[in-house]
Amino acid sequence: MGSTRPDDYQVREAALDASRSFVVQAPAGSGKTGLLIQRYLRLLATVEHPEEIIAITFTRKAAAEMRDRVLDALAMAAGSVAEECGDAPAEDSHTDTTLALARAVVERDVHRGWSLNAQPARMRILTIDALCRDIATQMPWLSRLGGDAQISDDVSPLYRQAARDVVAMLHEDVPWSEQVATLVSHLDGDLGRFERMLVEMLSRRDQWLRYLLPGRVDPRRRRAELEAELARAVADELAALRTAVPPQLAGELAAVCGYAGDTLLANGSASPASACAGLEELPGAGATERRRWQGIAAVLLTKDGKWRKTLTRRDGFPADKQPRLQEMRARGLALLAKLASAFSLRERLHAAVRLPEPAYTDGQWRVLDALLEILPVATACLRVVFAERGQVDYSEITNAARQALGDEQAPTDLALALDYRIRHLLVDEFQDTSHSHFSLLSQLTAGWMPGDGRTLFLVGDPMQSIYRFREADVGLFLDVAEHGLAELDVESLRLRANFRSQPDIVAWVNGVFPQVMPPENDAVAGAVSYTPSTAFVVSAEGEPGDGCGVQVHAQFKGSGDDEDGESSSERDAEARRVTALIAAARAEDAGVSIALLVRNRTHLQAILPRLREAGIRYRGVDIEPLAEVSAVEDLLALTRALLHPADRTAWLALLRAPWCGMTLADLHVLVADAPDTPIIDLLESTEACKGLSDDARVRGARALSVLGPAVRERGRRRLRRWVEGAWVALGGPACVDAAAFANVDAFFTLLDGMDLAAGRADADELARRAAQLYAVANVEDADVEIMTMHKAKGLEFDVVIVPGLDRGGRSDDRHLLAWTKRAGESADANILLAPIPAPAEEAPPIYDYLRALEADKDLHEQTRLLYVAATRARRALHLLGSVAVDDESVREPVRNSLLRRLWPAIGGAFEEALAARGDAPPTGDTAMPPAPGVLLRRLPAHWCPPSAPLAAKARGPEPEADPAAATVEFDWAGETARHVGTVIHRALMEISREGANAWDSARLAIRRGAWQAMLTNLGIPEQELPAALSRVEEALDRVLADTRGRWLLEPGHEAARSELALSGVDA
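Residue numbers for the sequence shown follow our numbering, so the first one is 198 and each next one is one higher.
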């Protein structure tokens, strides 16, 4: 390490000014969290009460980390570790500054009597969702949330119910039945598809609901407004295109294209270039000039948007030797040569091809008008379902909080109270803010003025904004950085120092990403330009050098391989390269941390088997779906078989599972002659089992001895106890290793969450929920961590390996409504909308245009995703990709691949690798090893469960009860006490989910009304209600006041559970 002060230390010092508001761009590795904590400590030393500061994060993990680091700093400053570090000189300027700020807080804490160490919940460090819930529950009437609504992590069933309620309107006498009929007819009467698409729209309602114009508006006026906005959008794009034309070439461009248009028109050609006929100067920028600009693009560009290299008869230049024709062809080729470096013009000209006619057809408008009516109705249906079920999603919590605050013209009493209490707001990861969250922040800071003592501190990195699928809009960060927030003067700061990566990695990132990121920020298009960093860390002496820096591992496919890179031989070659890189890094340094980052989990299909084959231990973070774990697959089959005795597929899988292990030949014998008979009946039939092998008869009989009674218990036991009992009796625990038990437990926990009785449980719903969970990563001392690039955000590793860069991403599905927002102040006057095309209909130009705009935003985000992956590395970064080779020249990667995003910067490395390869055959031609045979794992045929543990020795007869004691009345053990216990358990479960640090006396007071309502609903008499409520409050207050009680309720403990059901073996 060089100087103890980074070169941007003055910027960091400025960010600690407690009288000013800032938005701070903090690139990867710049110590963002440390700066945020220092700012928080500085503010703590200035306020009267800790609650005047609210620090907002987007995950509970981030909130817990920030709270812990603040408490650690205060403990150090208070001298609790003085011998170790309290009086020692700081190891760097950052630590020195943090301790100085913490000492000031300790003095303030003593002076004001805060007792932060004993009451850390007074520090309001919480997630944005927790803040929204606090606000909404304080005003349940205004927020329309109710006092006891629970946030559900799986709200798909609620979305489906709301969608079905809308579909049911088709046959009801309601004002919207005609619109529902229009949409169903448009989708060819496919009610199932309509329902699924409504579910998808409801899950994303925060993205479109704010854009829909109010219902019951005159359709003609609404249509005119939307078409006018389309015309403005087309005109704006054409204006930008016209500006991109080099002035010195404008006349020649018009002349060449005009000549081509005249020629094509004279020959009766239908080419779009014929629209250039009569062109003498550049077209204007109005929407009516769209066809002329598209004609210019047809003359000068190929279909894939590249400058033409030749001009032929189809382009308006016939193969004729007339002097005039020869002259114009020569002028055209000369013009193309001069335009070769005009990248911006080429991109805008190619984009003009997709510009639509700014008008809907009558059929399109009929469908769009129906959508504008029905989608708000579907949202209202969802709110009814939320109220009926007492569950909500995170979007509803946010909207409820905004509703509780009112608006700028009519703020609620709560908004005014919060405006008085909140002096400082800090927001971490601001680049991931959604529009709903941004509106909430705007409401909380409404009325804040420069110099009034209130400040806003926003920190994040727009280059790491990768959560569009979670409704994040990086344009919000860019807009605040440029224009501030309302009346508040928000100063923009940029950090530069990188404390993470070695200088060669920082230099590579600084050299590559300016070439692949947009040159300028564009808040509407979601485009973020690159901001360079400077390396603070220097290579330590004696550190391994061969594996350091950035290496691009180029691989090549023959012309016969698939263009999308799905060749199995190519993937196997890449897997072997990844395995070799991991082994080399571990051999060089056994303690090195290695991460394998992929864009999609499917990109690991060839790699994981190779790692297992090489004996490389890996820990996958949300990589393998729970439903694909073999032990869980067997449990799913068992559950399906018990729920549906006629489900032959499930029963066959059950009999094939390790606890039974019948061979395929025996299974065929069992079922071949009885295709319609339930398999359990076949197992009970002596005739059906006659042809089985002796081994299979033993196995089948043992399975039947368990499954027969289990099937007869259908509907009599809770789902978990029913399935788990059968699994244990079959020998399931003997078929899984210690690592797999965690996944089995996760499955049984999932069964606990299925709130229907066993006989009425939905097996499809169970499978859907299992598919949404991931296997537990519990490998000890793993050699490599495996995760998606999204999961890696915020982490760092010595060595980072990124395979599969050439693989394309999944294309976005069609939605009922396509929408996008243009630049402008109005929330609804700058929106572009288009309805989904009919199933057999080619997508209308307007719909395709809007989808293309969204696709462009996705491409920008893909580049930022690459930035996140590259900047996780401390010492070494390995990038792997494969491209096709045609006639010894490298073909560009597919458009939606990450390698295509990097191609302008590293394409040359592939050209050099191809040249260096010489006559060596393409790696894709490597022969695949033969596939191993299928092995059947199973218990022995005569396996028996272990004996139950011996019961404890009897202690003799119990002493007779004292008759006098029987007359004692225990009023606390009656129904009221039971209901009090129920409410207390419910509250403790809620506290454990959020963490005890998020609860204090004020939070308990807020929830008092909800607990009173619960006690009332449970049937406690009115005269006993005050005492019961007091008992609830007293119990919770004692738990939160006790150090061990708070510790028990923290959610981070390993194997922590709430309301865990336990069972044992009766002796």
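Everything labelled a hint here was simulated from the structure, so no lab data went into it.
Among these hints, one or two may not hold up.
Said to hold, decoys possible - Ranges of calculated distance between the beta carbons of each label pair, as one might list FRET restraints:
#1 Asp870 x Ala365: 44 to 52 Å
#2 Gln712 x Ala784: 32 to 40 Å
#3 Glu369 x Gly888: 51 to 59 Å
#4 Leu268 x Ala1232: 44 to 52 Å
#5 Glu422 x Ala539: 33 to 41 Å
#6 Lys535 x Arg510: 22 to 30 Å
#7 Phe666 x Glu688: 25 to 33 Å
#8 Pro416 x Gly481: 48 to 56 Å
#9 Gln523 x Arg407: 56 to 64 Å
#10 Trp1016 x Gly502: 23 to 31 Å
From the three backbone atoms N, C-alpha and C, an ideal C-beta is built for every residue, glycine too.
Verification of the supplied hints:
Evaluation of the 44 to 52 Å hint for Asp870 and Ala365 yields a pass: the beta carbon distance comes to about 45 Å. At roughly 34 Å, the beta carbons of Gln712 and Ala784 sit within the given window of 32 to 40 Å. Checked against the hint of 51 to 59 Å, the C-beta distance between Glu369 and Gly888 comes to roughly 57 Å, which is consistent with it. With their beta carbons about 26 Å apart, Leu268 and Ala1232 fall outside the hinted range of 44 to 52 Å.
For the pair Glu422 and Ala539, the supplied restraint of 33 to 41 Å holds, since their beta-carbon distance comes to about 36 Å. The supplied range of 22 to 30 Å is met by Lys535 and Arg510, whose beta-carbon atoms lie about 23 Å from each other. Evaluation of the 25 to 33 Å hint for Phe666 and Glu688 yields a pass: the beta carbon distance comes to about 31 Å. Between Pro416 and Gly481 the beta carbon distance is about 31 Å. The supplied range of 48 to 56 Å is therefore violated.
Taking 56 to 64 Å as the suggested C-beta distance range, the pair Gln523 and Arg407 conforms, at roughly 59 Å. Evaluation of the 23 to 31 Å hint for Trp1016 and Gly502 yields a pass: the beta carbon distance comes to about 25 Å.
Hints 4, 8, counting from the list given before, are not met by this structure.
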